[in-house]
Amino acid sequence: MLDRRLIIVSGKGGVGKSAIAVALALRAQRTGQRVLLSAMTDQIGAAIHLGAHRLEYEPATFHGGIEAMAVNRAEALDEYIKLQLRIPTAAPTRALSRAMQVLADTAPGIREVITMGKPIFDTWQGRHDLVIIDAPPVGQLMSYLRAPAVVADLVPTGAVRDQARRMSEMLIDPDQAALVLITTPEELPALETAEALAELESEQLVHLGAVIANRVLPPLDVPPERLATLPDRPASEAAEHHVGLLNMQSAALAPLPIDIHLPYLFGVHTPTEVSAQLADEWDNGA
Amino acid sequence: MGQRSVKRPEIIIVTGAGGVGKTTLSAGIAAVVAQRPARTLVITVDPARRLADALGIAMRDSTTNRPTPVPNAGPLDAVMLDVTASWEAITRRHATPEVADRLTDNQYFRAVADRFPAAQSYAAGEQVAEFAQSGNWDVLVVDTPPAEGGIEFFMAPRRMRELVGGRLLRWLTGARIPGRRMFYRTAARPMLRLADSLLGSALLEEIADFLLDLRTLYDGLAARAAAIDRLFGQAKVLVATTDSPGAMREAGRFFSSLPEINTAPDALIFNRTLPDRWITARGPKGTEAEDIALRENMARWSIEARRNRDARQEVAARLAVPMATVPWLRQPPTDISSLADLITRASGLDTILESAE
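Each protein sequence line maps, in turn, to chains A and B. Basically the working numbering = 1-based index in the first sequence + 97. Basically the working numbering = 1-based index in the second sequence + 880.
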């Protein structure tokens, strides 16, 4: 999976996207790849799992080698105008930049193309072997993935349209880009994952690289007959709680094509410990 | 409206991070409130359509935003908002029929309707206001979209005012409401010529047409948006969380951002509480495999119970509002009576709901 240029990590809110994006970056980095982790809309999760206070637009190095940054739309817009649209320096770029900023605030396709465009441009620049995007929740991500096509439809000619088309082509090329979808083994996240998979299947906006189940509980090898005879005290309550959750988890995951199972981590862990532990557990879960 | 004075309904907004059980809690609160008895409507603005799932009903009418009675639940109705339909409804309400037709045909309008989250949230807010003013319900329980979307829901009225009265429009059209001809004169300016070469004049014209039409909605929208703002200001806002660090961070964000828009969370609901008695409990002493498995399991969950209690204490101290705790269920509630049961078993929630009256 890590042999592509661009990996987009998404899933429903609260399923552990940022922790897993950082775990993936750690794994890639261990095999000697130059990795850039790019927090697309919300940087808090990625920052704390890297042990950073905050991420800047300019990449900084963490965890002995992973570079990480946060996409800031105003800066991404400036860079887009200067580098991607190749506006000659004589042109009134500040005025244009302000005008584009206003347009981008209001026009949804353009705003999203600029945010989504930044990590894609970083991939094209080739300073890293792999760019991992810590993406917004899957519901919002669909608008970002659709944005290049929306812009290509809305904008009949010109450099903006050409860029948008190039972005679409990269996203749907399975050799270059893949989406990693995270779910937890709970009823509603699993349901939303199934819905997202159906949308992805029908719209073909990006190649699906893997579906990951996070926070999967370990089995409890005690037969139900024994549970029924346990005296009523915490140990039996905890056992019934665990077995109930296990049943719920397997029912939730049953309809999903899960590629990797990552374990529920019991107890207190710092966010950096969580990502490191998930990176270690990766091969056990495949 | 008019002569008959309609008692303003009580509005309860349940918000918080994704995955904390907002939809379940909203449905449960609505089920309990309906038993007062009170004519209650539970509203979800979550595009994932989870409420129908939690309520165990098929919401065939969701695309028309029509409240449907919940079977065996007293005077309880449920509705799922379809934001695309809401957008059309907003346009039809605030624009002349001719402008409304033109707007809804405009591809740019459709792009905005589908993809501008503030518009979706605004449409949801307008629908909530409409239900509130109908006089059909005594209590509205509103389940907000998760995370950023949740805050967006509260910010949307002012974002909409900015959109229709905003900078892009003035930039494209000049300060006053001009005719179309004025726009094309403006388009001779060098900056627009450059934008034109990047985007093409057809798009700029379409955007200008769209915004000029949208501009005619401004007065109606601005008044409406201000009314929704006031409605949110009067609502009881309940922030839901669990012991997950991410959810607790999100909860904190509501406490820091909502005062900006003149509202503030009234209470915290801590969902998935584990029993404190597990913290010091030990498993069976035996040496058989099953005993060992049970002992290990107890050890795992006693660690979790301690973390859960520490999280509750930490969040209660930090956020300083009344806090209700809801037990962690082994199975998610699948029908209306188990939803109500969950809320009845919660500790501290009845006081919070009563003080909402």
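Please keep in mind that the hints were generated in silico from the structure rather than gathered at the bench. The model shown is predicted, which means the values in this text are computed figures rather than measured ones. Beta carbons are placed, not taken as given, at the ideal position from N, Cα and C, and that holds for glycine. Among the hints, erroneous ones may be present.
Pairwise CB distance ranges, derived in the manner of DEER restraints [as the list claims (entries may be wrong)]:
id, chain 1, residue 1, chain 2, residue 2, range
1, B, R973, A, A171, 30 to 36 Å
2, A, N344, B, E1194, 51 to 57 Å
3, B, G1228, A, T158, 31 to 37 Å
4, B, T976, A, Y154, 41 to 47 Å
Query raised in the report: Does the hinted range 30 to 36 Å hold for R973(B) and A171(A) at CB?
Result: Since the Cβ atoms of R973(B) and A171(A) sit about 35 Å apart, the hinted range of 30 to 36 Å holds.
Query raised in the report: Is the distance from the Cβ of G1228(B) to the Cβ of T158(A) consistent with 31 to 37 Å?
Result: violated (47 Å)
Query raised in the report: Given a hinted range of 41 to 47 Å, is it respected by the beta-carbon distance of T976(B) and Y154(A)?
Result: The hinted range 41 to 47 Å holds for T976(B) and Y154(A), with Cβ atoms some 45 Å apart.
Requested in this report: For the range 51 to 57 Å, tell me whether the beta carbons of N344(A) and E1194(B) fit it or not.
Outcome: Distance hint for N344(A), E1194(B) is violated at roughly 31 Å.
Checked against the numbered hints given earlier, this structure breaks hints 2 and 3; the rest are met.
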